[in-house]
Structure formats: structure tokens, C-alpha cells
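Those protein sequences? They're chains H and V, same order as listed.
First residue of the first sequence? That's 365 in my numbering, and the numbers climb one at a time after it.
First residue of the second sequence? That's 2 in my numbering, and the numbers climb one at a time after it.
The hints are simulated quantities; they were obtained by calculation from the structure and are not laboratory data.
Hints may contain errors.
Within a straight-line C-alpha distance of at most 30 Å, the following computed BS3-like cross-link-like pairs (lysine-lysine) qualify [claimed, not checked]: (1) H:367 with H:508; (2) H:494 with V:253; (3) H:508 with H:482; (4) H:382 with V:230; (5) H:481 with H:559; (6) V:230 with H:491; (7) H:491 with H:367; (8) H:481 with V:253; (9) H:429 with H:482; (10) H:481 with V:247; (11) H:491 with V:247; (12) H:382 with H:367; (13) H:491 with H:559; (14) H:429 with H:382; (15) H:491 with H:503; (16) H:367 with H:429; (17) H:429 with V:109; (18) H:508 with H:494; (19) H:382 with H:482; (20) V:253 with H:503; (21) V:230 with H:367; (22) V:230 with V:253; (23) H:382 with H:508; (24) H:508 with H:491; (25) H:503 with H:481; (26) H:508 with V:201; (27) V:253 with H:382; (28) V:230 with V:247; (29) H:482 with V:201; (30) H:508 with V:253; (31) H:482 with H:503; (32) H:508 with V:247; (33) H:508 with H:481; (34) V:247 with H:482; (35) H:559 with H:503; (36) H:481 with H:494; (37) H:559 with H:429; (38) H:482 with H:494.
Quick caveat, the model's predicted, so the values are computed rather than measured.
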Amino acid sequence: MSKRIDVSGLTAYYGAHKAIEDISMTIEPRTVTAFIGPSGCGKSTFLRTLNRMHEVTPGGRVEGKVLLDGEDLYGPGVDPVAVRRQVGMVFQRPNPFPTMSVFDNVAAGLRLNGVRKKSDLSDIVEKSLKGANLWNEVKDRLDKPGAGLSGGQQQRLCIARAIAVEPEVLLMDEPCSALDPISTLAVEDLIGELKERFTIVIVTHNMQQAARVSDRTAFFNLAGVGRPGRLIEIDDTERIFSNPSVQATEDYISGRFG
Amino acid sequence: MTTPAVTDRPAGALRGGRLPRWFPLAVVAASIVVAVAIGLGAGLHSTVQWGLIAALLAVGGTYAVAARVEGRRQARDRVATSLVWVCFLVAVIPLASLIWATLRRGVKVLDGYFLTHSMAGVADTEPGGGVYHALLGTLEQVGLATVIAVPVGVLTAVYLVEYGRGGLARAVTFFVDVMTGIPSIVAGLFVLSFWILILKMGYSGFAGSLALAILMMPVVVRSTEEMLKLVPRELREASLALGVPKWRTILKVVLPTSLGGIVTGVMLSIARVTGETAPVLLLVWGTNFINANPFSDPQASLPLFIYQQYANSAGAGAAYDRAWAAALTLIAFVMILNLVARGIARFTAPTTGR
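Hey, can you work out the whole structure from these sequences and the hints?
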């Protein structure tokens with residue numbers, strides 16, 4: 365249930381503006397890869413190119429290759445909807461569907477994959493909520509609106525919604541930046557459990573979080589104001605935080621940036 | 002003004018003179034008394050003039066007294082507040098008096114008989130008769146217009162918000178704006194020339210519905226468009242990232258989220274066209290008999306009924322009373338629609354459940 369991602373020579377644009385340039389990396393299955401770097405360096409943009417969400421933004425355009433177990437996501441005839449079913453995403457701000465109950469939120473992705481039987485749905489919803497460490501908190505209020513949960517619960521609801529469709533890869537765009545430390549801890553523990561089943565890529569501004577949860581860390585940086593973002597280096601997290609091979613990485617991690 | 006008012010507090014002071022809470026009421030009462038006195042003294046017959054004098058006195062008096070006691074900043078604050086109140090009253094008085102006049106004259110003949118009988122065989126000068134045929138006609142014409150205009154309007158708005166880029170979307174927006182300004186008589190003339198004179202279809206409730214639908218469409222498009230724009234981009238992205246196709250995202254996430262607002266917009270557009278007289282006069286023609294089939298032969302409608310009864314009444318008598326009763330029926334009809342719309346909007350609004 366998890367696949368390997370090979371990116372080569374990826375460049376992404378917003379209209380005429382080049383946001384990231386010539387990024388290549390390999391993401392192994394069943395690992396957590398963290399993206400760190402200053403704001404505006406293209407971490408989120410790069411993340412969104414991995415499940416073709418970048419092109420949802422008006423003017424969004426991508427060049428290069430993203431191979432998911434050898435199959436190019438940007439190849440001719442590839443259906444972005446099919447890609448997104450395999451590569452799920454969790455966003456920065458918790459965004460449960462406001463018109464739906466807790467149950468319907470988790471079931472939203474399933475229903476369109478043809479799962480209609482109530483008992484099947486219930487099983488998967490329960491499994492997903494348990495997988496997101498949320499079951500005990502919401503099992504008595506499954507029919508209540510999802511927007512009524514606390515911020516941390518909402519974010520775990522969104523994670524449950526994303527893993528309910530059993531994707532191969534889970535992309536997380538700063539999933540804890542709107543959460544308090546306790547909810548953050550809950551989500552981090554969850555990431556540790558989820559990597560048994562999924563390939564996880566997480567964007568974070570929190571260096572300690574990257575060090576805590578990830579196996580590999582990629583450092584992105586801007587070449588300069590108005591210039592596209594680039595991948596500076598990617599290595600084992602331990603090495604990045606102890607002995608990075610590029611000076612800029614060490615400067616950023618130790619707070620001597622800029 | 003370089004010299005501050007005597008009572009302006011010294012710089013840095015936190016306390017100053019305060020007027021009692023009953024002050025605004027007292028000023029209003031005093032202004033009314035003085036205005037009435039002036040009105041009587043000067044022999045002004047119009048109560049509107051009395052009211053305007055009272056309003057001016059109240060605003061001026063508030064400023065004068067407050068500036069003395071509390072200082073100039075507080076006085077300006079109080080003047081702004083009293084101006085808001087005056088404007089509110091100016092807006093509400095005509096509305097209230099309209100409803101009052103309609104109620105007072107309308108209840109005379111408005112009863113179960115009036116609502117369930119037509120004007121068949123009743124001469125204009127005779128008492129009796131009713132509004133059933135017109136009520137039925139209005140319901141059918143407005144209902145058909147809604148059935149035509151709402152799908153077209155909502156889908157146009159979905160196109161503009163979710164799909165429309167570039168020239169075509171701009172052109173559609175432009176023509177929707179132009180359509181908003183079409184006078185109802187022009188919409189009526191258009192359908193008359195096209196549907197009745199060129200296609201030779203004959204007068205019918207449906208012809209009226211076509212004109213009403215033309216009037217409803219831009220309102221529906223505009224209000225739906227605004228509601229769809231309010232749906233956060235994050236929700237659309239959340240759905241797309243789950244692998245939900247775009248059309249399903251729109252159907253299952255975007256439209257339900259904005260349903261309350263869309264329903265309100267639709268109801269407002271219905272309320273707007275329910276009172277239209279001109280296209281109905283041109284296209285539906287009017288009749289004294291019950292015609293339940295909107296697709297052939299003339300029908301009646303409430304606004305048309307009011308117009309015809311009033312025109313034949315010479316300002317008094319049975320027809321005159323029927324016109325007012327029908328007006329009351331029409332207002333009640335629109336009001337009930339609005340209440341239903343508000344109920345639906347509240348019922349379907351996304352709840353937080355806290």
C-alpha cells in the first residue's frame with residue numbers, strides 16, 4: 365500500500381512566474397520525508413505537484429517528470445482524478461466539509477469509489493477514524509457536523525478522510541501549523557503509525573518536528589528575491605541536522621539564515 | 002474654530018460631563034412638542050412638514066445640548082446616531098403606512114369566499130366574486146417561470162465561478178448585467194413579438210412565464226454567483242485531493258455549502274417577478290374565469306386583477322374593495338415566500354453543532 369516517488373527535472377510555474385526550478389529527488393516507500401525551508405521557497409508548490417493539485421490553481425503549469433512506481437503522473441492520458449485517488453493530501457488549515465457530519469466527511473471519498481453498502485462504509489469509517497486516533501473522541505457523535513470538532517480533532521478528521529480511500533502516498537502541507545502543542549503531538553504520533561502503511565511527505569516550518577517525525581529531510585531555498593525556489597539538498601534527517609553537506613542548510617537549521 | 006467649547010475637557014482628563022440616559026428621548030419629545038407648536042402656529046397643514054421640523058430640531062438640539070455638556074466629539078457622535086435614526090424612520094414610515102393602508106382597506110372583503118371564487122358572472126359594480134382565478138394564475142405563471150429560470154440561472158453561475166475563463170465568461174457577465182436592467186415591459190414586448198406574433202402561439206400563462214423567466218434569470222445568476230464565490234477554495238481543494246471529480250465536487254461540496262444563499266436569492270427573484278404587471282398584461286391577457294391550464298387561453302394574475310379592478314372602480318365600490326383585498330393577498334403571498342426562504346436558508350445553513 366505504498367509506492368516510491370521519483371522526481372526528475374521538475375519545474376512549476378504560476379502563469380509566467382517560475383516558482384520552483386529543476387527539482388529531482390527520490391522518496392522511498394514507507395518513509396516520512398520532511399520538506400523544510402523559508403516561506404515562499406516552493407515547498408508547498410512542489411508538494412502540490414506530486415498529486416497534480418498544482419494545476420488546480422489558475423495558471424498553474426508543470427514541466428518535468430514525477431514517477432509513481434515508474435508511471436509518469438504527467439504522462440499523456442493520465443487522469444488527474446485517478447492520480448489524486450492514489451496520492452492523498454492533508455492541508456494546512458483543517459477543512460472538513462461544513463455540510464457533512466463526521467461520518468459523511470470520512471465517507472466522502474469512499475462513496476464515489478463505489479462503496480455504497482452502509483455496513484462496508486461503517487467498517488471503513490471506523491477503521492479510518494481509529495487510524496487517525498480520533499475514534500474514541502467522536503464515536504458517539506458521528507452524525508454531528510464535522511465542523512463542530514476542535515481544531516486538532518478537525519485536522520485528524522481530515523487525515524481520516526484522506527486515509528479512508530487507502531491512498532499509496534499521503535502529502536501533508538504544514539498539518540500542525542494551526543494546532544496547539546497537544547494536538548500537534550497527537551498528529552505527530554499518528555504520522556509515526558501511518559508510515560507503516562503509507563509513503564508520507566510532510567511540509568513543515570518546525571525544525572524540531574522535522575527532526576522528530578521524518579526519516580529523510582529535504583531543504584529548499586530561494587536563489588534570490590523573485591527567483592525560483594530550488595532543492596538545496598536531501599539526506600537522512602539525522603545527517604541534515606547534525607552534519608549537512610551544504611553550508612546554507614546548516615545556517616538555516618541553526619538560525620543563522622539571512 | 003480656534004477656541005474650544007467651555008466644557009471640552011482638559012487634555013488627559015478621563016472624566017467629563019455625561020448626559021443622562023433619557024436625554025435622546027427627551028430631545029425627541031421636546032422636538033415633537035415644539036414642531037407641533039410651530040406647525041399649528043404657522044398654519045402648516047401637512048404632518049410631513051411637522052415631522053421634518055421635528056427631525057431637524059431633534060438633530061440640532063442634540064448637538065447644541067451635547068456640545069455644551071459633553072464636548073464636541075461626543076456631540077458629533079450623538080448627531081451621527083440621531084441622523085441614523087432619522088434615516089431609519091424615513092425609510093420605515095412609507096413601508097409601514099403602505100402595509101397599514103393595504104391591511105385596513107384589504108380586510109373588508111378578504112375572506113374564504115374571496116380566496117376560493119372567481120369573477121365569473123360578477124359585474125364590476127356588484128359585490129361578491131373573488132380572486133381564486135388570479136391566485137391560481139399567479140402561482141402557475143411564477144412557478145413555470147421559476148422552473149425555467151432557476152436551472153438556467155444556477156448553471157450559468159456555476160459556469161461563471163467554476164469554469165468560466167477569458168472572453169466568454171466576461172461576455173456572459175456583461176450580458177447578465179445588461180439583462181438586470183431590462184424593464185419588464187421590454188421583456189414582455191420581446192416575448193410578444195417572438196412567441197405570439199412570429200410563432201403565433203396565442204395568449205397564455207406560459208407566454209407570461211417566459212417573460213417573467215427573462216426577468217428572473219439575471220437576479221438568480223447574480224445572487225448564486227456571489228454565494229458560490231463565498232465557498233472557500235480550501236473546500237474545493239480538499240474534495241479534489243480526495244480524487245473526487247470536479248463535477249462531483251461542485252454537486253456534493255460547493256452547491257450544498259452555498260445552498261442557503263442560493264435559495265434566498267431564488268426566493269427574492271420570485272418575490273420580484275410576482276408583482277410584475279406589464280408583461281402579464283401583454284401576454285396573459287386576463288380573464289374573469291378560472292383557467293387552470295397555463296399553456297392555452299388567457300389566464301388571470303394577481304397584479305393584473307388589481308389593475309383591472311381598480312381601473313374599473315372609479316375609486317370606490319365593490320371593485321375598489323376587491324382591488325385592495327387582492328393587493329393584500331399579493332403582499333401576503335410574497336411575504337410567506339420570503340419567510341419560507343428564510344426558513345430554508347436557516348435550516349440548510351452549515352452548522353457548527355457546538
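Practice item. May I ask which of the numbered hints given earlier this structure violates, with the numbers listed in increasing order? Key: Per hint list: 1, 6, 9, 17, 19, 21, 23, 26, 27 and 29 violated.
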